[in-house]
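Construct the complete structure from the given sequences, taking the supplied hints into account.
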Amino acid sequence: MAQVSIRKVVKEYEGGVQAVKGIDLEIADHEFVVLVGPSGCGKSTTLRMVAGLEEISGGEIWIGGDVVNDVPPRDRDIAMVFQNYALYPHMSVFENMAFGLKLRKFPKDEIKRRVDEAAKMLDIAMLLDRKPKALSGGQRQRVAMGRAIVRNPKVFLFDEPLSNLDAKLRVQMRTEIKKVHQLVPTTTVYVTHDQVEAMTLADRVVVMNHGVIEQVGPPQELYHNPKTRFVAGFIGSPAMNFLPVRVVNEGGLAVQLANGVRLAVPPQRVDRYAPFTGKEMTLGLRPEHLTEIKDQEKPNVVRFDATVDVLEPMGMETMVHFFIDGQPVCARIDPNTPAAPREILPLAADMNNMHLIENDSGKVV
Amino acid sequence: MRGEGVKNTAIQLLLAVNALVMLFPIALMVLSAFKSNAEIFDSPFTLPETLDFSNLLHVWSDTEFVQYLLNSLVITTSAVLLILLAGTLAAYALARYTFPLNASLYLFFLAGLMVPLKLAVIPLFVELDTIGLLDTRLGLVLIYVAMGLPSGVFIMTGFLRNLPGELEEAARIEGASEGRILAQIMVPLARPALVIVAIQNAVPIWNDFFFPLVFITTDARKTLPQGLTVFMGEYSTDWGVLFAGLMLAALPITLVYILLSKQFIAGMTQGAVK
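Protein chains in written order, with the numbering used here: chain P, 9 to 373; chain X, 611 to 884.
Since the hints were derived computationally from the structure, they do not count as laboratory data. There's no promise every hint is true.
[Stated by the list, open to error] In silico SDA-like links for lysine to any residue, alpha-carbon gap of 20 Å or less:
| id | chain 1 | residue 1 | chain 2 | residue 2 |
| --- | --- | --- | --- | --- |
| 1 | P | Lys128 | P | Phe102 |
| 2 | P | Lys302 | P | Pro354 |
| 3 | P | Lys110 | X | Gly789 |
| 4 | P | Lys113 | X | Ser787 |
| 5 | P | Lys287 | P | Val372 |
| 6 | P | Lys139 | X | Ser787 |
| 7 | P | Lys141 | X | Asn772 |
Next comes the structure, spelled out in structure tokens:
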């Protein structure tokens, strides 16, 4: 058990390309932190630097109170689960799980006890004699996790462990991983490009982009209070709608769309947005805040008509795609709302949940 | 569908003819090993009249055959083992580590593929003479190792490069040293490639006539192909005995090939199917 500190860490490749540009991150003991971001954002590189598989070009990484920059991976007391599981194909499941313990000269009965215990927890006790070849994807994933658990390391590292599984199994294994972390609360750093995985698993989510950390926070905070346009667009599915607007103050502060339609800013936000009067900004509104007209409307809800382009019934809800000023927009409506493609659908925009984004800096104000 | 069937039959037929052409001399050798000289000339293509083991016994007990066999075994085995050892170590370094001159070193090994060693027989002779290894089995082994390394390194490097890097990283995180990763993770996985290199070298070394002829003069150190020439007389040759010797000489390497053929084919077709 240990905390992990990443301080001003830089990864620079030959030719001066920086994959990670001086990031800072404090991970508490027992914490489950998920690094998420698009491919090439530096999340895997960061994880590999923590693991010691990648040299650190600048800054320091601490594990449990020691700087580990020059400590080889085997002495960092970490365990890693890889995307392709990296099980040794010529060894049985038992041998795979026991390999690390044997290398560390654990007594035989202790190895057996630990492997049996982990196998029981992961429900793979009946597979111990099999070779990885004879296992399904989900079982291999469990073995890979078992191999990490038996060592009882200070830190677990997961590198996109669910990416090779089919959609159904991925959801199932996601729950398993969460359950395992509840049973064995080891400090965990988990890398994924899937924001749903990040939201569901993490105590705190770290959103990375272009080698820098955009925002760190609990899933709900990232969802409701994104600090940048990138985080706003990355977290949440379907993604947040973005529309170019101008902040105007003619008879009350409002944002004006390119087609002239004005959406009043809720009174509690007026002070916050007033300094931006006259500026070109971007309005961010999540699909669930664009809904059908409800009988009892909350204050600060603006009604408007949309011409439906595509309908996506999901069962529990229906996604409506349409255009405002040529910009694609998605709304989330009740599946019982009568709607048809190319027809006019009255919608309501809940401005209480609006986000206003500076165009130059990409910051949410 | 029908065209496909015709094509398949044609291929099968071609393969069958090829197999016949290949097997015919071997069958002839085996048959003749059990015949007397007179019978070989009278009816060369028939089955032997009686199952006569006298040729085999004669080869085994009245000639230096056993000594030649031992020499061939020792030389081939040690040369192949050394090629596998040195080749794997070199290939592992070339395939899995980045260091300056990596590519140049790899090309240096590959360059060896282009040099027919037989062209260098005179310098080799001088060299072996200088270090006092002329007319020794060790000298011969060293030449074979030098001959086999380029292709060995080439095959092993290609194979090791394709093994997933995560296996190595996983082992490294779990606490394995570089040597252990090589011995316990990489080498077991590289077995198909090792078999290819072993067979691809063992057969020509076992069969080699040229280098022993040039470098070995003492009868007790001769290899089988060289030793068997003793059976060819200047005026008369006992063909039955010669064929019996040839059969016995071909037997070990044939057995090795049969035993390892499954792995050999597995290695050759690696990557062809998932």
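For each hint, the structure was consulted:
The suggested pairing of lysine 128 of chain P with phenylalanine 102 of chain P holds, with an alpha-carbon distance near 12 Å, which does not exceed 20 Å. Of the supplied pair hints, the one linking lysine 302 of chain P and proline 354 of chain P holds, its CA atoms being roughly 10 Å apart against a limit of 20 Å. Between lysine 110 of chain P and glycine 789 of chain X, the direct Cα distance comes to roughly 16 Å. Compliance with the 20 Å bound is thereby established for this hinted pair. Restraint check: the Cα-Cα separation between lysine 113 of chain P and serine 787 of chain X comes to about 14 Å, which is no more than 20 Å; the hinted pair holds.
Of the pairs offered as hints, the one joining lysine 287 of chain P and valine 372 of chain P holds, with about 14 Å between alpha carbons and a cut-off of 20 Å not exceeded. Simply put, lysine 139 of chain P and serine 787 of chain X have alpha-carbon atoms about 24 Å apart, too far for the 20 Å limit, and the pair is violated. A C-alpha spacing of about 18 Å is found between lysine 141 of chain P and asparagine 772 of chain X, which places the hinted pair at or below 20 Å, so the restraint holds.
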